[in-house]
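Visitor: Read off the chains here:
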Amino acid sequence: MKDKGKLLILLLVGSETFFFISLIIAYVYYRNFTNTVDTVAHTLDATRAGIFTLFLIASSVTLIVAKNALKKDNRKRFKIFLVLTVLLGVIFISGQIGEYIGLYKKQITLDSDVFGSSFFTLTGFHGLHVILGLIALTIIFLLSIGKMERVGVAAFSGMDVYWHFVDVVWIFVFYFVYIMPLL
Amino acid sequence: MYLWLALFFFIIGGLEAMVLRAQLALPNNELISPETYNQLFTMHGTTMIFLVLMPALIGLGTYLIPLMIGANEMAFPRLNAFSLWMTFMGGTLLYFSFFAGGGPDAGWFNYAPLSENNYSSSHGVDYYLIGLILTGIGSIGAALNFVTTVLTLRAPDMKLNMLPLFVWMMFINGFLILAAFPLLNAGLFMMLIDRQFDAHFFIPSSGGSAILWQHFFWAFGHPEVYILALPAFGIISEVIPVFSRKPIFGYKFVASSTVAIALLAFGVWVHHMFAVGMSNTVNGFFAASSMLIGIPTGIKVINWIGTMYKGSIRMTVSMMFALAFLIDFTIGGLSGASFAIVPIDWQLTDTYYVVAHIHYVFLGGTAFGIFAGIFYWFPKITGRHLSEKLGKWHLWLFVFGFNMTFLLQHMLGILGMPRRIYTYPDLPYWKILNLISSIGAIFMFVAIGIFLYNIFITLKKPRSAEDNPWEAWTLEWSTPSPPNLKNFEQLPPIHSRRPLWDLNNPDNPDKRLN
Chain L
1 MKDKGKLLIL LLVGSETFFF ISLIIAYVYY RNFTNTVDTV AHTLDATRAG
51 IFTLFLIASS VTLIVAKNAL KKDNRKRFKI FLVLTVLLGV IFISGQIGEY
101 IGLYKKQITL DSDVFGSSFF TLTGFHGLHV ILGLIALTII FLLSIGKMER
151 VGVAAFSGMD VYWHFVDVVW IFVFYFVYIM PLL
Chain S
1 MYLWLALFFF IIGGLEAMVL RAQLALPNNE LISPETYNQL FTMHGTTMIF
51 LVLMPALIGL GTYLIPLMIG ANEMAFPRLN AFSLWMTFMG GTLLYFSFFA
101 GGGPDAGWFN YAPLSENNYS SSHGVDYYLI GLILTGIGSI GAALNFVTTV
151 LTLRAPDMKL NMLPLFVWMM FINGFLILAA FPLLNAGLFM MLIDRQFDAH
201 FFIPSSGGSA ILWQHFFWAF GHPEVYILAL PAFGIISEVI PVFSRKPIFG
251 YKFVASSTVA IALLAFGVWV HHMFAVGMSN TVNGFFAASS MLIGIPTGIK
301 VINWIGTMYK GSIRMTVSMM FALAFLIDFT IGGLSGASFA IVPIDWQLTD
351 TYYVVAHIHY VFLGGTAFGI FAGIFYWFPK ITGRHLSEKL GKWHLWLFVF
401 GFNMTFLLQH MLGILGMPRR IYTYPDLPYW KILNLISSIG AIFMFVAIGI
451 FLYNIFITLK KPRSAEDNPW EAWTLEWSTP SPPNLKNFEQ LPPIHSRRPL
501 WDLNNPDNPD KRLN
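Taken in sequence, the protein lines are chains L and S.
Residue numbers for the first sequence follow our numbering, beginning at 1 and rising by one.
Residue numbers for the second sequence follow our numbering, beginning at 1 and rising by one.
Just so you know, these hints were derived from the structure itself, not from any lab.
It is possible that part of the hints are untrue.
[What the hints assert, rightly or not] Straight-line distance between alpha carbons at most 25 Å, and here's what the computed PhoX-like set of lysine-lysine pairs gives:
no. : chain 1 : residue 1 : chain 2 : residue 2
1   : L       : Lys67     : L       : Lys6
2   : L       : Lys4      : S       : Lys486
3   : S       : Lys310    : S       : Lys252
4   : L       : Lys4      : S       : Lys159
5   : L       : Lys6      : S       : Lys389
6   : S       : Lys246    : S       : Lys310
7   : S       : Lys511    : S       : Lys252
8   : S       : Lys392    : S       : Lys486
9   : S       : Lys389    : S       : Lys486
[Unchecked claim] According to the in silico footprint, chain S covers these stretches of chain L (three or more CB under 8 Å from chain S):
no. : stretch
10  : 23–31
11  : 94–104
No residue lacks a Cβ here, since even glycine has one placed at the ideal position from N, Cα and C.
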């Protein structure tokens with residue numbers, strides 16, 4: 001493979017996968033361990049989270065569109081869809097923040113019980129990754145306003161892998177945290 | 001830089017070990033308090049593994065991989081610097097704990113709930129957690145760099161099956177690091193959240209699970225053993241052929257058994273937890289997998305011996321360390337295989353038998369490998385030869401002292417002496433065995449003193465090493481000693497695993513592989 005930047009991100013993402021697997025394992029382990037996890041998990045609003053999940057998935061789609069536009073050298077379209085991606089990501093994050101505030105009002109906190117501990121750690125680390133991705137996307141966008149040459153397809157391709165990864169992780173988190181207790 | 005870092009922490013870790021052995025030399029000794037003792041053995045283990053062996057191996061890898069594959073630099077030099085300083089920061093924070101109310105005191109594997117706030121109220125464990133997260137991130141950065149460098153920057157003619165074995169093993173090791181360290185980091189983060197934000201991950205009294213910490217730690221911890229062993233295998237696989245004047249016997253077997261080890265490494269961790277009381281099925285599975293992993297390791301040992309067979313062996317210090325490695329690592333491997341048998345493990349777990357085993361693997365294995373590597377590549381790195389005469393003193397004192405200290409600890413373990421006790425009553429044989437063990441440590445201490453002196457005086461001498469003093473065959477020896485800032489102005493032709501052999505013996509080249 002010639003593109004070492006992309007290769008680096010692919011490997012990093014592979015490594016991060018193990019990190020998130022560990023966090024998910026912790027959550028699932030406690031779920032089998034005591035039934036309080038499920039009792040509390042029922043208070044989560046799966047529909048609401050599902051809607052925000054759709055926003056995140058949509059952001060991956062817009063990013064693909066942006067990438068294709070960049071390949072065809074359609075800079076204007078690229079910028080529009082990049083901004084759209086960032087906006088969708090921000091919506092997702094604000095949804096998550098809203099959910100956190102709601103849970104804290106219900107006294108479900110990081111130190112309340114094992115559910116709180118594993119839920120906030122898992123979704124929190126995912127949220128941090130989303131925020132990191134948003135910052136990086138914003139940087140790429142700001143660069144693209146200035147000197148266009150500096151945003152090569154190469155610099156973008158690593159970012160692209162990372163963002164899809166964050167998206168896929170969320171789908172798993174969503175399944176294990178929100179859907180599984182309902183089944 | 002990595003190597004200096006490793007050397008620096010090696011001295012600190014070694015001094016800690018000396019204090020420990022001094023305390024244990026006599027029964028009912030009161031040289032240091034139990035609290036100090038707990039902190040010292042925790043710091044000794046953590047330092048030696050994360051701040052000595054890891055940086056030493058990563059340092060050798062960073063220096064040698066580009067040279068051995070015909071590249072001018074690592075793929076990401078800045079990432080490289082980042083990894084180094086993360087490791088340095090981690091180490092500094094770990095040691096800062098002593099100024100912040102006391103070091104970590106729950107052992108290098110930091111079992112919960114002992115390591116939680118209720119039982120460990122000083123901030124030592126917090127520093128341990130943050131320090132290891134930082135060094136862990138550093139190691140992942142280094143691994144990313146290794147893998148990308150090998151995949152993207154090889155000399156155009158060098159195919160993957162022509163990599164020098166050291167590079168091959170560092171390459172496989174990269175994947176091991178990438179898969180194992182996140183498990184540790186996740187566990188460390190959870191425990192940090194437990195301690196700092198009162199979460200409940202590993203606190204059984206409020207619904208958490210202490211066993212889960214053990215799973216996370218050992219799912220990392222056992223691959224970590226191989227992360228530290230594989231590069232040493234790689235060094236040995238370079239040193240033995242060169243000093244036996246023969247190509248490695250069974251390159252493909254050595255290379256593929258490395259992959260087998262890497263894969264199996266993730267399926268054996270529960271053998272550290274046989275005493276937890278899991279079902280017989282689980283124990284049986286992990287007993288079998290643990291014995292299985294002995295096979296690829298055994299294959300390697302046979303290959304190294306096969307390489308030496310009928311070779312014209314040159315007894316340099318580097319080669320002698322490789323031989324010492326072969327013998328002592330095999331002992332460590334065998335005592336390890338004995339743990340795979342569940343009843344033996346139940347009998348011996350948490351005794352000095354384990355202490356003896358881990359030291360045979362890490363010191364008799366990894367550290368001897370690193371010494372062999374340092375004596376072998378020192379002329380390339382600095383342009384000066386380490387003194388062979390001092391090297392032999394270093395070697396014999398160290399190997400002698402090492403076996404004196406740790407061979408007897410097997411006996412102590414079988415006699416039932418538990419590890420991690422700061423003193424012990426005067427039971428039959430315990431006194432004499434511990435005393436001999438402590439005297440052995442003094443031999444090693446003197447040996448390391450000689451080693452440091454050797455490095456010191458060698459660095460003061462003028463540069464005199466030739467480009468290829470050992471008449472070796474891999475690419476790093478085609479550069480001047482030490483190499484220029486840009487490693488290669490022009491690469492020799494590469495058609496086999498031994499490009500310099502082909503260059504010097506045009507009438508009798510190795511089989512073309514590309």
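Visitor: Between S:Lys389 and S:Lys486, is the straight-line Cα distance small enough, at 25 Å or below?
Guide: Between S:Lys389 and S:Lys486 the Cα gap is close to 33 Å, so the pair fails against 25 Å, i.e. violated.
Visitor: Against the 25 Å threshold, does the CA-CA distance of L:Lys67 and L:Lys6 hold or violate the hint?
Guide: Within the cut-off at roughly 14 Å; holds.
Visitor: Does the structure keep S:Lys246 and S:Lys310 at a Cα separation of 25 Å or less?
Guide: Within the cut-off at roughly 9 Å; holds.
Visitor: Given the proposed pairing of L:Lys6 with S:Lys389, does the C-alpha separation stay at or below 25 Å?
Guide: 49 Å, violated
Visitor: Regarding the pair S:Lys310 and S:Lys252, is the alpha-carbon distance no greater than 25 Å?
Guide: 20 Å, holds
Visitor: Against the 25 Å threshold, does the CA-CA distance of S:Lys511 and S:Lys252 hold or violate the hint?
Guide: Holds, at roughly 14 Å.
Visitor: How does the stretch 23–31 of chain L fare against chain S when you require at least three residues with a CB closer than 8 Å, holds or violated?
Guide: It holds: at least three residues are needed, and the stretch 23–31 of chain L offers 4 whose Cβ sits within less than 8 Å of chain S.
Visitor: Check whether the Cα positions of L:Lys4 and S:Lys159 lie no farther apart than 25 Å.
Guide: With Cα atoms ~17 Å apart, L:Lys4 and S:Lys159 stay inside 25 Å; holds.
Visitor: Are the Cα positions of S:Lys392 and S:Lys486 separated by 25 Å at most?
Guide: Violated, because 34 Å separates the two Cα atoms, which is more than 25 Å.
Visitor: CA of L:Lys4 to CA of S:Lys486, is that 25 Å or under?
Guide: 20 Å, holds
Visitor: Report holds or violated for chain S covering the stretch 94–104 of chain L, Cβ cut-off 8 Å, minimum 3 residues.
Guide: violated (count 0)
The structure fails to meet hints 5, 8, 9 and 11 from the earlier list, while all remaining hints are met.
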